[in-house]
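**Student:** What follows is the residue order along each chain.
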Amino acid sequence: MNLQAIRSIYIFEMARFFRTLMQSFISPVISTSLYFVVFGTAIGSRIQEVEGVGYGAFIVPGLIMLSVMTQATSNASFGIYFPKFIGTIYELLSAPVNFLEITIGYVGAAATKALFIGLVILATSFLFVDLHIAHPIAMLAFLVLTCLSFSLLGFIIGIWAGNFEQLQLIPLLIITPLVFLGGSFYSVSMLPPIWQTITMFNPVVYLISGFRWAFFDTADVPIGLSLFAIGLFTAICVGVIAWIFRTGWRIRQ
Amino acid sequence: MTNIVEVRGLTKRYDGGFEALKSVDLDIKKGEIIALLGPNGAGKTTLISTICGITRATDGTVSIGGHDNVTDFRAARNLVGLVPQELNLEPFEKVMNTVRFSRGLFGKAPDDAHLEKVLKSLSLWDKKDAKVMMLSGGMKRRVLIAKALSHEPRVLFLDEPTAGVDVELRKDMWDVVAKLKADGVTIILTTHYIEEAEAIADRIGVIAKGEILLVENKDDLMTRMGQKTLKIELAEPVNAVPAALSEYDLTVDGEGLLYSYDTQTDRTGITSLLADLQKAGLKMTDLQTRQSSLEEIFVSLVAEKEGAE
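Protein chains in written order, with this note's numbering: chain A, 1 to 253; chain B, 1 to 309.
A hint or two may mislead.
Stated by the list, open to error - Label pairs and their computed distance ranges (CB to CB):
# : chain 1 : residue 1 : chain 2 : residue 2 : range
1 : A       : S27       : B       : T71       : 26 to 36 Å
2 : B       : D126      : A       : A15       : 50 to 60 Å
3 : B       : D25       : A       : F25       : 32 to 42 Å
4 : A       : F164      : B       : P110      : 27 to 37 Å
5 : A       : G231      : B       : T2        : 49 to 59 Å
Simulated from the structure, these hints should not be mistaken for lab results. Quick caveat, the model's predicted, so the values are computed rather than measured. Just so it is clear, CB atoms sit at the ideal spot from N, CA and C, and this is done for glycine as well.
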C-alpha cells in the first residue's frame with residue numbers, strides 16, 4: 001500500500017478546499033438559514049408536529065442530508081474530473097499507485113469536506129431550533145457513511161463525465177429529486193398509501209430515515225434496513241470503481 | 001552495458017483500428033541519452049505513454065529495470081519520471097505544492113531539501129510560492145520537469161521537452177539533461193528538432209508510422225554523414241566526366257560536376273582537383289559545398305517508409 005500517495009492526494013485535495021474555505025463555509029450556513037426561515041418559521045409555524053417533533057427540528061436531519069449528499073457528490077466528481085480536464089491525470093496513471101489508493105485519496109478528501117459542511121449545518125440549526133440528538137454516535141456514523149458513499153458515487157460520475165455539463169447532469173437530474181422526494185421535509189407516513197410504496201424504491205429514503213432515527217428515535221423504515229441500504233449502496237459504488245480501474249474505462253486508453 | 005528498458009513486440013491498436021505502434025522492439029541502455037526522432041503522428045508519444053503505463057498495450061511487453069510494467073507496475077514505475085508534451089499542470093496550485101504532490105504520489109517520504117535542489121537546478125526556486133498559472137510557458141515546462149525529478153527517477157522520459165521553447169531556454173534544458181546524465185539518469189527524449197538530437201543524444205532512433213526504422217549511435221551516424229559534396233558549375237556543360245579527371249570520384253550533375261569527399265580524412269583532394277580542372281581547360285563559374293545532414297537521412301528514411309506503403 002502506497003500510504004504516502006494516499007496522504008499526498010488527500011492533502012492536495014484538501015488544499016483546494018482550504019483555498020475556498022469562506023465559500024465552503026458561508027454558502028451552507030446561508031442556505032440552511034434560509035430553509036429555516038422559510039420552512040421552519042414561516043411555513044413551519046402552521047404545520048403540526050410530525051411524529052411528536054416540531055417541524056423546524058424535524059427537517060434538520062433532511063436538510064443536513066440534502067447538503068451532504070449534493071456536496072459529497074459534487075466535490076468528489078469535480079476532484080477527479082478536474083485532473084482529467086486539465087490533463088494532470090497523466091501523473092496518477094503513471095505513478096506507482098493502484099485504484100484503491102487513488103480512490104481512498106480522492107474520496108477521503110471529498111467525504112471530509114462534506115462531513116465538515118454537514119457539521120456546520122448541524123451547528124447552525126442549533127441557533128434556530130431546540131434540538132436534542134437521541135443517538136449521537138449513530139448520528140455521526142450515519143453522517144460519515146453518507147459522506148463516504150456519496151463521495152464514491154461522485155467519483156464515478158467524475159470519471160464518467162466527458163464535459164462540465166455532464167458533471168452537473170446526474171446531481172441535478174437524479175440526486176436532487178431523490179433527496180427531495182426521499183423524505184427530507186416530510187415523513188413517508190404523510191404520503192398516500194400508493195406513494196408510500198413507490199417511495200420505498202428511493203434509496204435515499206432509507207438514509208434519511210436512519211439519520212432521523214439517530215436524532216429523534218423515530219423512523220419510517222427499521223434502522224437495520226437503513227444500515228443495510230447504505231452498506232449495499234457503498235458496496236455497489238466500490239464495485240463499480242474497481243471495474244472502472246480494471247478496465248481503464250474513460251481514463252486509460 | 002545493461003539495458004534498463006526493454007520493449008518487445010509492443011503493439012498499440014486503438015478502438016478505431018488505427019495501429020499507432022506496430023510491434024516495436026527497443027532496448028535502452030542504462031545511463032544513455034536516446035533521442036527518438038519522428039514526424040508528427042509517428043507514434044513517439046504513444047510509445048512513451050505505453051512504456052509509462054498511461055496507455056495500455058494491445059500486445060507486447062515492457063520491462064523497466066527488470067520489472068514488467070504491468071504485472072510488477074509498482075517496482076517498474078518507481079524508476080520512471082515522465083515529462084509530458086502538454087503543459088498539464090494544476091493552475092491554481094503553488095509550484096512547491098505540486099512538486100511535493102508528485103513526490104508523495106510516487107511513495108517517497110517528504111524531503112524538502114531534495115525539492116529545493118531540484119527547483120534550484122531548474123532556476124525555479126524563487127518561484128516556489130508562485131501559482132502555476134502565473135508562470136510563463138517555459139517555466140511551466142520546467143515545473144513539469146521538476147515534478148518528474150521530485151521522486152528521483154532512474155529513467156526520465158521527456159516528450160518533446162523543447163517544443164515551442166525559445167533558443168536560450170532550449171540550451172538551458174540541454175544543460176539540465178547533461179547534468180542528469182552525469183548523475184546516472186537514463187534519458188529518453190522525443191523531438192522533431194534534429195539539432196537537438198545531434199546536440200545531446202548518445203543514440204538516435206528514428207520512428208515513423210509506428211515503426212522504429214533505425215537505432216544507431218549518433219557518432220556512427222555522424223560519420224556516415226561526414227560525406228560532403230562539392231558542386232562545380234562549368235561555363236560549358238559536359239556530358240561525361242573528362243578522361244583527365246577519371247581518378248576523382250566525380251559524377252555529372254546537370255550542367256556541372258559533383259565531387260564527393262570525406263571530411264574525416266586528412267586530404268580531401270579538393271586542391272588537386274581544382275588544379276587538374278584548370279589543366280584540363282574547364283572553366284568554372286561557381287563552387288558549392290553541401291553536407292548531408294541528419295535531417296536528410298531522416299527525411300529520406302521516412303520518405304522511403306512512406307513510399308513503401
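**Student:** Each hint should be assessed against the structure and marked as holding or not.
**Tutor:** Verification of the hints:
1. A:S27 with B:T71: 26 to 36 Å: Cβ of S27 of chain A to Cβ of T71 of chain B: about 47 Å, so the range 26 to 36 Å is violated.
2. B:D126 with A:A15: 50 to 60 Å: Hint violated: Cβ distance 21 Å, outside 50 to 60 Å.
3. B:D25 with A:F25: 32 to 42 Å: violated (58 Å)
4. A:F164 with B:P110: 27 to 37 Å: Given a distance of about 34 Å, which is inside 27 to 37 Å, the answer is holds.
5. A:G231 with B:T2: 49 to 59 Å: Given range 49 to 59 Å: holds, Cβ gap about 52 Å.
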